[in-house]
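Novice: Put together the whole structure using the sequences plus the hints.
So the sequence lines, in the order shown, correspond to chains A and B. The first sequence stops at residue 735 when you use our numbering, and every number in between is there. The second sequence stops at residue 171 when you use our numbering, and every number in between is there.
Hints listed in this document are in silico derivations from the structure and should not be mistaken for laboratory results. Hints may be right or wrong, so weigh each one.
Stated by the list, open to error - One side of the interface only, derived from the structure: several residues of chain A facing chain B at Cβ under 10 Å: (1) H600; (2) L643; (3) G700; (4) L704; (5) H718.
To be verified - Where chain A lies over chain B, by a calculated footprint (3+ residues, C-beta under 8 Å): (6) 40-52; (7) 58-64; (8) 158-167.
Note that this is a predicted model, so its numbers are computed, not measured. From the three backbone atoms N, C-alpha and C, an ideal C-beta is built for every residue, glycine too.
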Amino acid sequence: MFNDEQWSQLLRGFIEEGRDLAKQAEEYLLVLDQEPDDEQAVHGLFRAMHTLKGSAGLFTLTPLVNFTHHLESLLSTVRDGERRLTAPLISLMLRCLDEIASMLDLIDPDSGELPVDEAHQAQLLDALAEQTGAPRAIAHEADDAAEDCARRGTLERCVGCDAAGAWHISLRFHPDLLRNGFDPASFVRYLGRLGEILHLETLAEQMPDLVEMDPESCYLGLEIALCSSASKAEIEDVFEFIRDFCTLRILPPDSALDDYLKLIQDLPETDERIGSILIASGLLTEHELAEGLALQAEVGDGLKSPLGSVLVEAGMVPPKAVNAALAKQQSARERPNRESSQIRVAANKLDELINLVGELVISAAGAQLQAQLQGSADCIESSQTVNQHVEAIREAALKLRMIEIGDTFNRFHRVVRDVSQQLGKQIRLDIQGADTELDRSVIDKLADPLTHLVRNAIDHGIESAEQRLAAGKPAEGRLSLNAFHDSGMIVIEVSDDGRGLNTARIREKAIERGLIDPQATLSEADTHMLIFAAGFSTADAVSDLSGRGVGMDVVRSAIDALRGSIEIESRPGLGCTFRIRLPLTLAIIDGFLVSLGDEHFVIPLELVTECLELDARLDSRYGYLNLRGKPLPCIDLAAHFELPSSAQGRRNILVVSLGRHQAGLIVDRLHGELQTVIKPLGLLFQHLQGISGSTILGSGQIALILDVASLLRQLQQHIDHEFRSPQPRPDLMGS
Amino acid sequence: MNAINPVPGDALEDSVQHLSFRVRQARYALPIELVREIIEYGQVTAVPMMPSFIHGVINLRGNVVPVLDLAARFGFELTTPGKRTCIVIIELELDGNGQAQRIGLVVDAVDAVLDIDPRDVEQAPPFGTGIRTDFIAGMARDESGFTIILDVRRVLSLDDIRQLSLMQQAG
Numbered sequence: 001m002f003n004d005e006q007w008s009q010l011l012r013g014f015i016e017e018g019r020d021l022a023k024q025a026e027e028y029l030l031v032l033d034q035e036p037d038d039e040q041a042v043h044g045l046f047r048a049m050h051t052l053k054g055s056a057g058l059f060t061l062t063p064l065v066n067f068t069h070h071l072e073s074l075l076s077t078v079r080d081g082e083r084r085l086t087a088p089l090i091s092l093m094l095r096c097l098d099e100i101a102s103m104l105d106l107i108d109p110d111s112g113e114l115p116v117d118e119a120h121q122a123q124l125l126d127a128l129a130e131q132t133g134a135p136r137a138i139a140h141e142a143d144d145a146a147e148d149c150a151r152r153g154t155l156e157r158c159v160g161c162d163a164a165g166a167w168h169i170s171l172r173f174h175p176d177l178l179r180n181g182f183d184p185a186s187f188v189r190y191l192g193r194l195g196e197i198l199h200l201e202t203l204a205e206q207m208p209d210l211v212e213m214d215p216e217s218c219y220l221g222l223e224i225a226l227c228s229s230a231s232k233a234e235i236e237d238v239f240e241f242i243r244d245f246c247t248l249r250i251l252p253p254d255s256a257l258d259d260y261l262k263l264i265q266d267l268p269e270t271d272e273r274i275g276s277i278l279i280a281s282g283l284l285t286e287h288e289l290a291e292g293l294a295l296q297a298e299v300g301d302g303l304k305s306p307l308g309s310v311l312v313e314a315g316m317v318p319p320k321a322v323n324a325a326l327a328k329q330q331s332a333r334e335r336p337n338r339e340s341s342q343i344r345v346a347a348n349k350l351d352e353l354i355n356l357v358g359e360l361v362i363s364a365a366g367a368q369l370q371a372q373l374q375g376s377a378d379c380i381e382s383s384q385t386v387n388q389h390v391e392a393i394r395e396a397a398l399k400l401r402m403i404e405i406g407d408t409f410n411r412f413h414r415v416v417r418d419v420s421q422q423l424g425k426q427i428r429l430d431i432q433g434a435d436t437e438l439d440r441s442v443i444d445k446l447a448d449p450l451t452h453l454v455r456n457a458i459d460h461g462i463e464s465a466e467q468r469l470a471a472g473k474p475a476e477g478r479l480s481l482n483a484f485h486d487s488g489m490i491v492i493e494v495s496d497d498g499r500g501l502n503t504a505r506i507r508e509k510a511i512e513r514g515l516i517d518p519q520a521t522l523s524e525a526d527t528h529m530l531i532f533a534a535g536f537s538t539a540d541a542v543s544d545l546s547g548r549g550v551g552m553d554v555v556r557s558a559i560d561a562l563r564g565s566i567e568i569e570s571r572p573g574l575g576c577t578f579r580i581r582l583p584l585t586l587a588i589i590d591g592f593l594v595s596l597g598d599e600h601f602v603i604p605l606e607l608v609t610e611c612l613e614l615d616a617r618l619d620s621r622y623g624y625l626n627l628r629g630k631p632l633p634c635i636d637l638a639a640h641f642e643l644p645s646s647a648q649g650r651r652n653i654l655v656v657s658l659g660r661h662q663a664g665l666i667v668d669r670l671h672g673e674l675q676t677v678i679k680p681l682g683l684l685f686q687h688l689q690g691i692s693g694s695t696i697l698g699s700g701q702i703a704l705i706l707d708v709a710s711l712l713r714q715l716q717q718h719i720d721h722e723f724r725s726p727q728p729r730p731d732l733m734g735s
Numbered sequence: 001m002n003a004i005n006p007v008p009g010d011a012l013e014d015s016v017q018h019l020s021f022r023v024r025q026a027r028y029a030l031p032i033e034l035v036r037e038i039i040e041y042g043q044v045t046a047v048p049m050m051p052s053f054i055h056g057v058i059n060l061r062g063n064v065v066p067v068l069d070l071a072a073r074f075g076f077e078l079t080t081p082g083k084r085t086c087i088v089i090i091e092l093e094l095d096g097n098g099q100a101q102r103i104g105l106v107v108d109a110v111d112a113v114l115d116i117d118p119r120d121v122e123q124a125p126p127f128g129t130g131i132r133t134d135f136i137a138g139m140a141r142d143e144s145g146f147t148i149i150l151d152v153r154r155v156l157s158l159d160d161i162r163q164l165s166l167m168q169q170a171g
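Specialist: Rendered as structure tokens:
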């Protein structure tokens, strides 16, 4: 049918789709957890499982089909109102979805093989059967007409149905079918999985005389009677691959038609058009509708015949159904066309583009430099125009990689649900700013630290219901995730309304662990930051979730790696907020160029608050200067990096602020703003502190990018060391 | 021609091509499969707080590539660039995660491409070569004397470099 490469490409596509479906299903389940009667969610969930099963079948991923089938049958009873989704059932289904996700991961796209942990699956299915109150074997028999029929073959008829109650499928293959590599028999075989084929008639009227017959063309037509509990869309899905190569009509079993009509009448009042109504009732599939609309356009030149009659004429739906739907359509209004026009692009293509744009930025800067050296006004002007465009391209290119943080946030519904249940706490998750956009590479690296923070907030922050009631708070704890843009940075907040951080306890623990000197005087904020030290944990009991002392330091290093910062705002008894500040992108930043002697350095512009001339001298590498009456800790960068400083000329101070910390960096010369394309320094420099990367200047020279967070930490350490009781030295700086 | 291919052609069944170069007075060699290109010694940007043999970084057509001074790595003085000073760009995987890294090595002069027959390679003597024995993969003998074949992974050992740079930063 396909060559191996095509096949594995299709399979990869399916795996991708499957992951999306599993994720969708999870979201629906979590909605149902809150609103068990949300019909839309039930339908969505069913659809997701159904589509997954159908697609998996096309790739003969039998274990996945079988497993999903159980979920699907369970959901169909929920959809029909026979069963309600209880909390334990939802928990169980979530675990089943995890299993589906792990199965999708296990599929080998090259061989199409799917190794499964059968024991684990059986365990899940048994648990499911227990929950639904029916032993698995029976559920099997009742729901699984498809497998049952297939197994029994043609020996017996299905109980309670005969040809009259069967779907009628009328299939005319396109002559090109065989040439496109499809085997009609395989689709019929696959159809057999949905139910029992009661009757199959082959139509060969199209067959020309033997002389004229092209052995590569397909002249076949089929009329099939199928006994199945599958829906129309499900049956149509079987022929998904050959939609373009056949004419397909599916008529529901007569006995079921009345049910469909009833369904149409029962549909809630909507703005839907007739086609949508028919689709919603399951009588018409979307594909058929598209076809019908095309026919309508074709037939009616001046006079448009109504869609309903076109559909009936084409034999897609029975007339009765159209009448019922038409009645329903009375208050129909035009719905705005919301067709989403999105393109899926492989992430590495985008990365490549952004790399190229990075190169462009560097070479455009080089061109501008040359133009200035030449001194030709025309040249300078045109290079400036080029630079403006390059800047616009840079921004547009970086936007391509921006994705909304909502997807990442929504994952926490599940985490919060699982963890709070495990701990017996009632917690509600609020999400704000889900549409805030952030670079994809940042979002990917943010998931772990956020998970740590969320788990910590649930475990340590939010009290048990009794404690909360005793403290006069509502029994249900609140955890909120918030994201917003703030002056070129993105801010992500994880806050809870729990007990807040216990400053005294943290201090005690830090002294016990030897992290701080017992005599040290630390501000409250500094004390709070101690929880990010490696090996720090205040939880009295090591729980399953947190308290092992790993975690917060991981959060810190992950945020550092993203060139971000984190701060804590804790109000005792009222709650605690962790605020993460991140740069919008990792690839290109706005920088501020300075030099020390002949070497150039870049400081992220968003951290620079002001530049001053240095009037005084610093006695050592680190110390305090007076900034408008306030002591400003300063670091002499040339001395710190042991670089020769240019003796002549005045030196400058660059005041940087990071969160609540402010410091002065003493440099030789200031060169101003610069679009900085970040180039990693590589493995050899991974332990280098104070420098986070490099960039190439327009002149071709390399400038190093300063890691302000780590510089400030080093400065703090030295200052703590040298000045036990810091004294501002107002004499050091004039004015 | 003789310099490039000093060994007769018919004896080359298992021989491996090496690039030979000079650092101070000694001759060294590297398997040529590691070598990507040889460039003239140019502007090197110093990276502070690193051991002295990590000379800095260069701009190699838009890529930032670290440069190592082999002489300093062997314990000699830092190279004073001269007319024949070159940077040999090699590419290798350093930490086993499949990511090939490009690294430049400063050498005093590049000599030739040698076909070295493994049978002509001897073990390093425990002393007398002037450099750490573990940097030496073998000694290749030919009519003009010995060429030291370097064990690049040892010379560029990340553990070594990490310890040295942490020491540098602490001190």
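Novice: Look at each hint and say if it fits the structure.
Specialist: These are the hints, each one checked on the structure:
Residue-level restraint check for H600 (chain A) holds (minimum Cβ-Cβ distance to chain B is 8 Å; threshold 10 Å). Checking L643 (chain A) against chain B: minimum C-beta separation of about 6 Å stays under 10 Å; hint holds. This hint holds: G700 (chain A) has a C-beta 5 Å from the nearest C-beta of chain B, less than the 10 Å allowed. For L704 (chain A), the interface hint holds, the least distance from its beta-carbon to any beta-carbon of chain B being 7 Å, beneath 10 Å.
Interface hint at H718 (chain A): violated, since its Cβ lies 12 Å from the closest Cβ of chain B, which is beyond the 10 Å cut-off. By the rule of at least three residues with a Cβ nearer than 8 Å to a Cβ of chain A, the coverage given for the stretch 40-52 of chain B holds, with 7 such residues. Only residues whose C-beta sits within less than 8 Å of a C-beta in chain A count toward coverage, and the stretch 58-64 of chain B has 5 of them, enough to reach three; the restraint holds. Coverage of the stretch 158-167 of chain B by chain A holds in this model, with 5 residues showing a Cβ closer than 8 Å to a Cβ of that chain against a need of three.
Checked against the numbered hints given earlier, this structure breaks only hint 5.
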